[in-house]
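Colleague: Below are the chains, spelled out letter by letter.
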Amino acid sequence: MLELIFFSLLNGIVTGLLLFMLASGLTLIFSMMGVLNFAHASFYMLGAYFAYTISIYLGFWIGLIVAPILVGLLGAVVERYGLRYVHRWGHVAELIFTFGLAFLIEEVVQFIWGKDTKAYHEPEILQFPLFTFFGQNFPAYKAFMLLISIGIFIMLLLILTRSRVGLIIQAAIHKPNMTAMLGHNVPLVFMGVFGVGCALAGLAGVIAGPALGTFPGMAFVLGSIVFVIVVVGGLGSLTGAFVASLLIGLLQTFAIALDYSVNDLLQLFNISFDADSAFRDLWTLSLPQIAPILPYLLLILILIFRPTGLFGNRET
Amino acid sequence: MKLKSTILVGAAIAALSAFTAQAADTIKIAFIDPLSGPFAATGTSGYKQAQFAADMLVNQKGGVVGGQMFEVVGFDNKISPKESLVQLKRAIGDGIHYIMQGNSSGVANALTDAVKKHNSRNPDELVLFMNYSAVDPALTNEKCNFWHFRFDANANIKMNALTDVIAEDESIKKVYIIGQDYSFGKAVAAGAVKYLGEKRPDIEIVGNELHPIGKVKDFTPYATKIRASEADAIITGNWGADMVGLAKAIGDAGIDAPVYTYYAANDGITKTIGASGKNKIRLVHEGRVNPPPTEEYKTYHMAFKEKYPEADISQFRIANALVMLANAMNETDSTDPAKVAMALEGMEYTTIQGDKVVMRAEDHQLMQPISISVHTDENIVLDADNSGYGLVTEKTISAADADIPPSGCSMERPAS
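First to last, the protein sequences are chains A and B.
Here the first sequence is numbered in the working numbering, starting from 61 and rising by one per residue.
Here the second sequence is numbered in the working numbering, starting from 2 and rising by one per residue.
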């Protein structure tokens with residue numbers, strides 16, 4: 061049991077921090093521009109595929125640096141020539157634009173790289189178990205993912221709170237019009253934030269690709285969960301996104317690890333049910349089976365009881 | 002000018018007559034499978050294997066019934082049963098009497114019903130259905146029909162073979178079953194529980210888990226659970242990205258237990274699993290690859306790789322289906338589906354891998370040896386995905402199907 065809890069804790073943190081890398085960009089973009097970027101997870105996928113192609117020719121480490129930059133540039137171009145143009149028709153048009161973009165990217169990826177899973181592997185230098193606990197390995201690559209994610213979090217926090225650029229971004233998040241009135245080039249800030257957000261998603265893709273698989277469906281499996289994090293954490297709150305990411309990462313991992321069913325809960329109260337009862341499917345429902353819906357349940361509860369999210373302070 | 006046009010007309014007539022001569026001498030076989038969409042990789046790979054087998058093993062050996070050639074024609078069904086019926090109509094409209102299909106038992110169920118109905122209404126325009134991969138046991142049990150022939154081992158036969166191997170291994174005391182949450186995943190789990198219970202009641206099933214299909218982003222939590230359960234063996238029916246994810250997570254967690262699978266090879270999977278599944282991943286399948294069972298098969302495999310370097314012979318049964326069809330035609334000296342179907346019933350055939358197979362007459366299920374192979378990079382002659390990794394056969398069970406007699410099949414044979 062101790063083993064299960066220990067590894068679930070570790071896995072939960074790794075998953076959570078990975079989700080944070082995606083969510084941090086999304087929450088900044090969302091709160092600043094009011095655009096729910098449906099294509100955000102697609103940039104994550106592009107990061108993995110770019111890095112895969114680069115790693116074939118130049119190795120993993122070059123890919124780790126170059127791929128996120130490429131994705132970030134692509135994101136900036138999308139903002140400058142796509143979103144900004146569409147913006148004049150309002151938020152709905154922007155929403156539909158990113159929605160279409162997500163499909164477009166998925167099709168293009170399938171067109172270029174094909175439909176099968178790509179053999180994108182972690183670098184050999186990281187292919188060893190970091191430690192073994194109760195006979196179970198913790199791969200060094202997971203620890204590397206952990207380090208990168210924490211590094212990114214600290215860097216983002218410092219930039220946003222300690223630098224001049226960060227001040228402008230924070231101002232633009234809360235009072236975009238006022239910031240523009242004060243003479244700051246808000247469109248440039250938007251483009252920069254969109255680009256950096258996409259680059260972060262790309263970086264998440266680069267490091268997640270070898271661990272979680274590089275295939276055309278990888279954006280889809282992560283896409284919706286990131287929106288949950290943004291809402292649960294609260295709009296525009298980096299701390300919120302961080303806490304919500306960890307919360308959801310741990311929630312999903314532990315829900316799979318702990319094999320409890322409704323029946324077990326009822327037995328605690330000495331209530332038992334007939335095996336032939338019409339509700340038996342409900343009573344035998346186990347935690348791992350409902351694990352995928354738990355984040356969405358949390359989303360609904362948050363929207364009902366605390367619409368601003370855990371750390372949010374703006375209601376739009 | 003006049004000379005030029007004469008030459009042109011002459012050439013046109015020559016081409017036309019060559020074409021009609023060719024058309025009269027070809028037997029078209031409709032290959033109805035997904036050739037576009039998410040499952041296109043599997044469908045097109047099968048299509049290539051069918052075309053190659055028809056060419057190499059039938060046409061180059063003189064064709065059938067006095068030199069008639071096989072021509073495999075692709076019909077894209079987008080893996081939808083509804084679309085498959087449309088394509089079946091198209092094929093029949095083109096005068097095709099032989100159809101092949103394999104991906105998805107749902108599609109096979111729809112096709113076998115449609116073929117049965119069509120044949121009862123159009124006795125002079127009969128259609129014969131060769132199923133090369135849909136493994137739902139019902140297709141040869143309660144849903145069996147005279148015009149349907151299955152060349153793959155059904156899910157129960159494969160599970161029987163797999164549990165035979167597990168039962169022999171005294172060191173296996175605890176088994177973990179994990180699968181995708183849909184009909185096939187559930188069928189694999191049910192089969193494993195049933196056969197293990199019969200053969201080795203002392204084995205404890207320490208986990209029987211279904212996960213959402215195609216939605217799990219990280220299998221590490223499942224691997225942690227498997228490790229914590231101290232399982233000595235793992236059984237899974239997973240395929241596609243779910244198989245890759247599970248295999249990687251098990252490898253990364255350092256779980257040192259065999260993983261018995263149905264579909265953990267080829268189409269990019271072998272390459273992606275790579276070193277993390279070495280000597281761990283095992284596959285239950287028909288046909289053998291390493292060591293190459295016969296020199297003839299090796300030549301055949303290499304010739305295929307030369308023509309399609311990016312593809313693999315992942316479904317050897319396709320070749321068996323086509324050659325057995327050709328043999329049935331030659332035996333009866335006819336291309337009439339009714340006579341050919343009668344000849345296929347009970348037909349014995351020695352594959353180019355040297356295996357003796359029999360088409361069981363009662364239910365049209367091909368009886369064939371089933372192999373358990375391990376994913377490794379040692380002693381590989383013919384690799385998969387050009388990765389250096391491939392399957393080495395550890396054990397072949399010659400009569401896994403004998404234990405599973407036809408059940409519930411009563412077919413109507415045409416009065417001859």
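Note that these hints are calculated values from the structure, not bench results.
Being a predicted model, the structure only gives us computed values, none of them experimental.
Positions of the beta carbon are idealized from the N, C-alpha and C atoms, including for glycine.
It is possible that some hints are incorrect.
Covered by chain A, according to a simulated footprint, are these stretches of chain B (three or more residues, beta-carbon under 8 Å) [as the list claims (entries may be wrong)]:
| hint | segment |
| --- | --- |
| 1 | 211-220 |
| 2 | 263-272 |
| 3 | 348-361 |
Colleague: Work down the list of hints and note, for each, if the structure agrees.
Modeller: How the hints compare with the structure:
no.: 1; hint: 211-220; verdict: holds (count 8)
no.: 2; hint: 263-272; verdict: holds (count 4)
no.: 3; hint: 348-361; verdict: violated (count 0)
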